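K.L.:
Fit chains B and C to the known structure of chain A by using the hints.
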Amino acid sequence: MLAAFFSSIAAMVILTGTLVGIAAALVGTFLVLRRSAMLSDAISHSIVFGIVVVWLLTRQQSGPVQIVGAALAGLLTVFLTELLVNSRKVKNDAAIGLVFPVLFAAGVLLLNLYARDVHVDTHTVLLGEIGFVWLDTMAIGGLEVPVAVVWMSVVTLVNAVFVGVFYKELKLSTFDPELAQALGFAPTLLFYALLALTSVTAVAAFDAVGAVLFIAFVVIPPSAAYLLTDRLATMLALSVLVALVSSVVGYVLAVRADVSIGGMMAVVTGLCLGLAFLFGPRYGLLAQSLRAWRQRHGDELRALVVHLHDHEDTRAQDEENIVSALEQHLRWSPRKAAAVLRRGLAEGVVLREGRTLHLTAKGRDLARELTEPWRRAAA
Amino acid sequence: MTAAPLHEPDLALHVEDLTVSYQGKPVLWDVDVDIPPGVMAAVVGPNGAGKSTLVKAVLDLVRPTAGHVRLFGAPYAAMRREVGYVPQRSAVDWDFPTTALDVVQMGRYGHLGWFRRPGRREREMALEALDRVGIADLAQRQISQLSGGQQQRVFLARALVQDARLYLLDEPMAGVDAPTERAVVELLQELRDAGRTLVVVHHDLQTVRDYFDWLIVLNVRVIDQGPVDRVYTAANLRRAYGGQIALIERPAVDDDARGAS
Amino acid sequence: MDGLLTLLGDHTVQNVVLGAIFLGVTSGVLGSFAVLRQQSLLGDTLAHAALPGVCLGFLVAGGRELGFILAGALVTAVLAALLMLVLTRRSRLKTDAGLGTALGFSFAVGVVLLTYIQNTGDAAQGGLDSFLFGQAAATLRSDLWIMGGIMVAALALVAAFWKEFKLVTFDPLYAGATGLPVTLLDVVLTTMIALAVVVGLQMVGVVLMASMVIAPAVAARQWVTRLEHMVVAAAAVGVVAGTGGALLSALVANLATGPVIVLTASALVLISILAAPGRGLLWEQLARWRARRALRGRQVLTTLYELSAEHRDPHYPAERGTLNTFHGLDTRAALARLERRGLVQRVRHMPDEGPHWELTAAGREEARRTLAQLGAAEA
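One line per chain: the protein sequences are A, B and C, in this order.
Each residue of the first sequence is one higher than the one before, counting from 1 in my numbering.
Each residue of the second sequence is one higher than the one before, counting from 1 in my numbering.
Each residue of the third sequence is one higher than the one before, counting from 1 in my numbering.
Bound conformation, chain A alone:
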């Protein structure tokens, strides 16, 4: 049964894609929350440099050495970027865009000069080919398992353990780095560890999806999740879910159209984001329009209670706080006045006694929000 699973091409490809997605989403969530999403762009390009250097030194194309080399290259990128920013001659975004192309260019040139005849070709480096992951297998407990799956599983596990063990430190460092520093959680160190894991994930994902598509997996599912929830744990869970869905749907579509599987998986993550962007229950466009519409109604109610409040306990109360005054003084049409009044009565902010309108306690509170706005801050 298990053997059948591991020798099914579709299952292996989808599994690899899912693992890439999960591993990427785990680190990506924190990168997005720290507004450092584009560092994934920088890292995924510059680890080419690390991979090439390691290969030149050790003649090994894969294995732990390569991963270490990649991690170092990723950290080097961030370190050099910080150095540039600290010189105060270059702004943050420009610094990122200056450093990684240098490393990438250096890597490509080294390849040109010393590795013309090797399988490490730049096309694959950029684009990957997840469809071929099943070719390269290794034996584990009597089963032939694709190497990519093995490595991706290890990386996913490491990422998951990291996030799990340091969950509350990561959470604090992301939202309040100064407090984290004060409490001794070393947010900078934590951040560099996160980046190292990002680099490692990137290199592990190379064979499968290549450098640039990796960016899509790191940034898009967490961004989609960000549009759907306010809670960190939920955000992580939703990112993983999006990764899973994109992997399956992407595979099916890619096979149908006979196109890049990794590419299609990334495209589907984008579509998921699109759905979240439009239909997200709290932050989606639709929800925003609904809120704006409700806001208008709310504003009308506010106008009503503030008007009543202003004239409460004054001589003019008898003249102002009656239904017909709404039409005159607030300049509302009879229909609108009637509608607002109805809503006011339904919401329990006003009472009607004969011809006069009175504010309820709830109505008075609403009015005070505007007439005594400093209470907002105190509340």
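Please note: incorrect hints may appear among the correct ones.
As the list claims (entries may be wrong) - Dumping the calculated BS3-like pairs for lysine-lysine here, alpha-carbon to alpha-carbon at most 27 Å:
no., chain 1, residue 1, chain 2, residue 2
1, C, Lys94, A, Lys168
2, B, Lys25, C, Lys94
3, C, Lys94, A, Lys91
4, C, Lys94, A, Lys171
5, A, Lys362, A, Lys336
6, A, Lys91, C, Lys163
7, B, Lys25, A, Lys336
8, A, Lys362, B, Lys25
Don't read these hints as lab results, they were simulated from the structure.
These figures come from a predicted structure and were not determined experimentally.
P.N.:
Relative to chain A, chains B and C alone:
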């Protein structure tokens, strides 16, 4: 109030029913403001009171949910050239490669219109404006090398170069040294004496009565507005700041002594 | 030198050099605005987003027609920019997530299209790959007309709206108050980055184009103080990097043009950051060092003066050892400099002891003046 209420065209600034919401919360609610010409008016209120928003709404930089604005009886779009704007210093990246003179010349871009380049006349006007604010010698200086007070003067000069009828200034004296503050106030008072109208979002309650002759107390709604001596009362300020304020009570501020208005 | 001349006579090399010039000028001028608006990474995003457009142009034209390809690239790049703007303005996504999403999604679409083209077995698709890393040698003379045309159009745009671009970049709030259509100008400036990217695609490819938008502008900024000069300097840096890189890669076998150009540009950035007069790091260090030396000299001088005042002897010979102890460091160099300026002179005091120093008349005068300035004047 003794004078008869002015009609719209006679008012320097007429704001009616202005409501501006941001993310569901009202920032300005049902604001009515009338400022007669030739006064130096301060707009005060706590943080988040909507002061900057009011200025931006007047300048058509923010779209209101309700209400309208008239300057000398006309909408802003028609009166653009007659209104000078001095934004907050923090709104800009001062590391931009340009000189003080160049920034001041930008004040004439509106007059030049599309496709025309600033020429000798614009340059002279800019130099004159820089001279008026006291930093003519810094004309060719890079703006990144200017102090906070000098930067503020550059912004002021940029507005001056328009020779406007109404000036809107957003916290022009925040974070500047005492000499600059004095210089700015003197300049504004000069403008006022020459018949211009000034509306200043001011951050320092203590100096309101020394500098200004008109006051608008704002906290989402207008608490009170009018001649500064009448409006600057403990009661009004308390209503605006909600009892969070500790005024160093000067004898003249006591309501009872002056009689409620 | 001979080799270089023969090289320049070569038709292909001429094309490459011209292309590099167009690239350098366009990316230098337009990149200046991107960098000043802190939109450096937008160049990176748009460059990657050009890939689907390249593929579409290829499909529509039925082959490698540069006009169609560049038009397609421009369209998808602009669409990606719009996508980024929509995502960041209409949802809670921040700029980095917007950029990363636009980049990842566009590139994924591009990869899908690329594999689609590959699978239709089109022989000419090999030319498409060259847009990933650039293949300057593939530049045809006909291509140059298009690139040159775009460059001229871009420059004309910048010249026509120079003051508006400058104001919107420096102070968008004030610009809006003066009635400038800020959003429209925003879109135009963003589209211009797309133009720059499109011009450079063939020379340096999708991946490295980001650097060409950023590096010349950053280098130029270190040397000049006015925007007018900055764009000219940036264009110059771009041209030097472009032609230098192009010629270098033509001279040495197996060197891809794109990476060499990028490395040249980046080297120029490094030199600028270090050595630019007034702003360069080395200059700042030099200035600090000089200031420290001057301070040291003043300190030693005034110490000698005060010692002589204490002992009521204008010719009081101070021993260097004493001075060293007093100041906590070796004063030999400072004394030598003061001697050169004629402010102190050596005296023989006690033959076996170390050198002694006394003030000259000029030295006394200088010391008195310094102390008066410091407000510690003594008779």
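K.L.:
Confirm or reject each hint.
P.N.:
Okay, the hints, checked on the actual structure:
Our distance criterion of 27 Å between C-alpha atoms is met by Lys94 of chain C and Lys168 of chain A, whose separation comes to about 23 Å. For the proposed pair Lys25 of chain B and Lys94 of chain C, the alpha carbon gap of about 22 Å is at most 27 Å, so the pair holds. For the suggested pair Lys94 of chain C and Lys91 of chain A, the alpha carbons sit about 18 Å apart, so the restraint of at most 27 Å is met. Between Lys94 of chain C and Lys171 of chain A the CA atoms are separated by roughly 18 Å; this keeps the pair inside 27 Å, and the hint holds.
Straight-line distance between C-alpha atoms of Lys362 of chain A and Lys336 of chain A comes to about 22 Å, which keeps the hinted pair within the 27 Å bound. Between Lys91 of chain A and Lys163 of chain C the CA atoms are separated by roughly 24 Å; this keeps the pair inside 27 Å, and the hint holds. Only pairs whose Cα atoms come within 27 Å are accepted, and Lys25 of chain B paired with Lys336 of chain A is accepted, the gap being roughly 22 Å. A C-alpha spacing of about 18 Å is found between Lys362 of chain A and Lys25 of chain B, which places the hinted pair at or below 27 Å, so the restraint holds.
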